[in-house]
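Required output: the full structure, derived from the provided sequences and hints.
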Amino acid sequence: MLKKTWFLAILVCILGTGIFFNIPIEKRKYGLSQTNLTTDYTGLLPEKIDRVVTADNSAALQQIVKQANVEGQHISIAGLQHSQGGHTYYKNGIVLDMKTFNEVLEVNVQEKTVRVESGATWEDVQEAIQEYGLALKVTQSQSIFTVGGSLSINAHGRDIRFGPMAGTVKAMTLLTPNGDIQTLTHEQNKEQLANVLGGYGLFGVILDVTLELTENDLYAIQTEALKTTEYETYFNHVLDDPTIAMHYARVSVAPGSFLQEMYAINYLETGKQDTETPLKGEQGMRLSKLALDLGRQGGPLEDLFWTTQKRYIHSLDGETITRNNVMRSESTFMEFKKPGKVEVLQEFFVPVDAYADYMKDLGKLLSAKDKNEDFKVHNITVRYVEKDDVTTLNYAREDMLGLVILIQHGLNKKDIENAQNIIQQWTDLTLAHAGTYYLPYYRYQTTEQFQKSYPNWKTFKQDKLAEDPNEVFVNLFYDNYLSEEAAYEQ
Amino acid sequence: MNNKSTKYLPLLVTVGQVVIFPYYILWLKQVSLTFTMFAWLFALHSFAAAFGYRLFQKRKPGTISFIYIGMGAVYVLVSLLDHSFELLLYVVLILQVFLGAMQGYFRAWHVQQKSYHLDAVHHYVIVGVTMLGLSFMKIISPVVFLGLFGGVVCLCGIWEYVMKCTLRRKRRSLK
Numbered sequence: 000m001l002k003k004t005w006f007l008a009i010l011v012c013i014l015g016t017g018i019f020f021n022i023p024i025e026k027r028k029y030g031l032s033q034t035n036l037t038t039d040y041t042g043l044l045p046e047k048i049d050r051v052v053t054a055d056n057s058a059a060l061q062q063i064v065k066q067a068n069v070e071g072q073h074i075s076i077a078g079l080q081h082s083q084g085g086h087t088y089y090k091n092g093i094v095l096d097m098k099t100f101n102e103v104l105e106v107n108v109q110e111k112t113v114r115v116e117s118g119a120t121w122e123d124v125q126e127a128i129q130e131y132g133l134a135l136k137v138t139q140s141q142s143i144f145t146v147g148g149s150l151s152i153n154a155h156g157r158d159i160r161f162g163p164m165a166g167t168v169k170a171m172t173l174l175t176p177n178g179d180i181q182t183l184t185h186e187q188n189k190e191q192l193a194n195v196l197g198g199y200g201l202f203g204v205i206l207d208v209t210l211e212l213t214e215n216d217l218y219a220i221q222t223e224a225l226k227t228t229e230y231e232t233y234f235n236h237v238l239d240d241p242t243i244a245m246h247y248a249r250v251s252v253a254p255g256s257f258l259q260e261m262y263a264i265n266y267l268e269t270g271k272q273d274t275e276t277p278l279k280g281e282q283g284m285r286l287s288k289l290a291l292d293l294g295r296q297g298g299p300l301e302d303l304f305w306t307t308q309k310r311y312i313h314s315l316d317g318e319t320i321t322r323n324n325v326m327r328s329e330s331t332f333m334e335f336k337k338p339g340k341v342e343v344l345q346e347f348f349v350p351v352d353a354y355a356d357y358m359k360d361l362g363k364l365l366s367a368k369d370k371n372e373d374f375k376v377h378n379i380t381v382r383y384v385e386k387d388d389v390t391t392l393n394y395a396r397e398d399m400l401g402l403v404i405l406i407q408h409g410l411n412k413k414d415i416e417n418a419q420n421i422i423q424q425w426t427d428l429t430l431a432h433a434g435t436y437y438l439p440y441y442r443y444q445t446t447e448q449f450q451k452s453y454p455n456w457k458t459f460k461q462d463k464l465a466e467d468p469n470e471v472f473v474n475l476f477y478d479n480y481l482s483e484e485a486a487y488e489q
Numbered sequence: 000m001n002n003k004s005t006k007y008l009p010l011l012v013t014v015g016q017v018v019i020f021p022y023y024i025l026w027l028k029q030v031s032l033t034f035t036m037f038a039w040l041f042a043l044h045s046f047a048a049a050f051g052y053r054l055f056q057k058r059k060p061g062t063i064s065f066i067y068i069g070m071g072a073v074y075v076l077v078s079l080l081d082h083s084f085e086l087l088l089y090v091v092l093i094l095q096v097f098l099g100a101m102q103g104y105f106r107a108w109h110v111q112q113k114s115y116h117l118d119a120v121h122h123y124v125i126v127g128v129t130m131l132g133l134s135f136m137k138i139i140s141p142v143v144f145l146g147l148f149g150g151v152v153c154l155c156g157i158w159e160y161v162m163k164c165t166l167r168r169k170r171r172s173l174k
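Going down the list, the protein sequences come from chains W and S. For the first sequence, counting from 1, position 194 maps to 193 in numbering that gives the first Met the number 0; every step adds exactly one. For the second sequence, counting from 1, position 149 maps to 148 in numbering that gives the first Met the number 0; every step adds exactly one.
The hints are simulated quantities; they were obtained by calculation from the structure and are not laboratory data. Since the structure is predicted, the reported quantities are computational estimates derived from the model, not experimental observations. Careful: at least some of the hints might be erroneous.
Distance condition first, Cα-Cα at most 27 Å in a straight line; then the derived DSS-like pairs of lysine-lysine [claimed, not checked]:
{"no.": "1", "chain 1": "W", "residue 1": "Lys90", "chain 2": "W", "residue 2": "Lys47"}
{"no.": "2", "chain 1": "W", "residue 1": "Lys340", "chain 2": "S", "residue 2": "Lys28"}
{"no.": "3", "chain 1": "W", "residue 1": "Lys2", "chain 2": "S", "residue 2": "Lys59"}
{"no.": "4", "chain 1": "W", "residue 1": "Lys2", "chain 2": "S", "residue 2": "Lys57"}
{"no.": "5", "chain 1": "S", "residue 1": "Lys57", "chain 2": "W", "residue 2": "Lys3"}
Written out as structure tokens, the structure is:
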């Protein structure tokens, strides 16, 4: 057999294919450490912390908070640390690692609610509610984040009917900055909840939360390629169409069609519910990573990546998918580990009717041909967020379109300054179009830009000091934008 | 002239491959993220070499110059590859197949040459002396040697090709 050339060729092909599919997608090393410097997902802002406390039970957490008040210690709260602006730790502070506080406490099928501890991931919740034919009303498009973390940043996702996540919270158990345990509801504790939701862990520890659920509907996928100039009108039709439950779009960042082309994906009600289809796992992540890595090279390869993406999305047209599965997209393929480089997210929100003009102006600010530049935009997706009247630090003061942007830049001082400069210009442009930016990401923006984007910051700060006079709950984000020095630095 | 190149170039390439292989293995180990991956890539190289060997036995074409140029190009490419390149392992996977196949092909060709048995004796002696010599040299990175060797093998390929063309022209003019 070994004399046969074809047999040897097949052997090479089989082993080569086997290796291809086993090339590891290395996870970046980040996280809580007492011996080394602590970082978050980006690895930026390394800081020495005092200690990590693993959350076992609420009584133990209560004791730590009370003791911190007496001894003048600072506490930060960490989940999976995907927030990128130092929200989960503080210099020489205690970090509460909430990942083990992850029980799904109750699924109430009649009332369509789930009560879950804050360290649970959305995947944990989906696994618990799937069997009852239930699904979340609002969550991110990936299910890898913790419930507490997502609530603390008031996340949003692909759903266009239920507003931001804060609105789906029915009740919450909070460990307050003075060490009390309180149950909060929108009816009785509106102001307190307005600060905790989207409060970046500065108003206490979310212990558990009761979330509203909906049915695990079956949707038909509808895709459309369009010009960026057509999107505003297109999106208004989407909003007016009650059969569309979820929607997102992607903007081209390939040099050949930079900010000119888009494709939209709608999830249409089929009137059916699905109790059979299991929760999907990561699918095709190796090929997706390979394609993304090619796109990351820029130039013609980025054009090729965009064309491939469009073809792939078009191939999904007409397929069906459950609501739960829409809310658990693949994430591993996005892993990025290149020495001397970092990939960060930024998100800018603009009013729906400002979108077309905004994109036109954005085209003047960004370079379409960034292949040989340090600052590279790799992806822009567009999400809709309904006006938010629930939270104090609200990013959607009217109905907004959010541009979620994946950016790569270098790690040396000059590269970071260059990135900061571009992002600050981008933020000014967004503000000029009555927009805002999102706070869970790295702190490129100035204090002035923060205060313009979040005019309620003073109320937030006053309430914070009223509820937490000893400033027990702090983090690097607070230090940078909300501390006494930061607030008056301008 | 051609006889000399047919006599000495295979010896040079054979000796060079053996001398350079430890450096290549070092490089392969550096770019493989795990030992398992390293071992698999090595196995792939061996299978590809078997395939290349068998392919020559089947076809037996006259010239070997493109194999020299191909092997040289792989070593040069290895020396130029950026270690932070995201797709590095995918590229290595392809290189392993090409390099293995070409090495097997070259070996199959070499054993059929008249000078092979003499080359085999010389090669052991030269490799021993070279390795002793290299052990006294401090290198920063294995890719320095890989690149240099790649360049030399490429030149051998070009030399072989030019000689073959010259010989062919001479034969034609004699006819």
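Against the structure, the hints come out as follows:
For the suggested pair lysine 90 (chain W) and lysine 47 (chain W), the alpha carbons sit about 6 Å apart, so the restraint of at most 27 Å is met. Proximity of lysine 340 (chain W) to lysine 28 (chain S) is assessed by CA-CA distance (about 23 Å); at most 27 Å being required, the pair is judged to hold. The straight-line distance between the Cα atoms of lysine 2 (chain W) and lysine 59 (chain S) is roughly 15 Å, inside the 27 Å bound, and the hint therefore holds. Restraint check: the Cα-Cα separation between lysine 2 (chain W) and lysine 57 (chain S) comes to about 10 Å, which is no more than 27 Å; the hinted pair holds.
Note on lysine 57 (chain S) and lysine 3 (chain W): the hinted pairing holds, with a Cα-Cα distance of about 10 Å set against a maximum of 27 Å.
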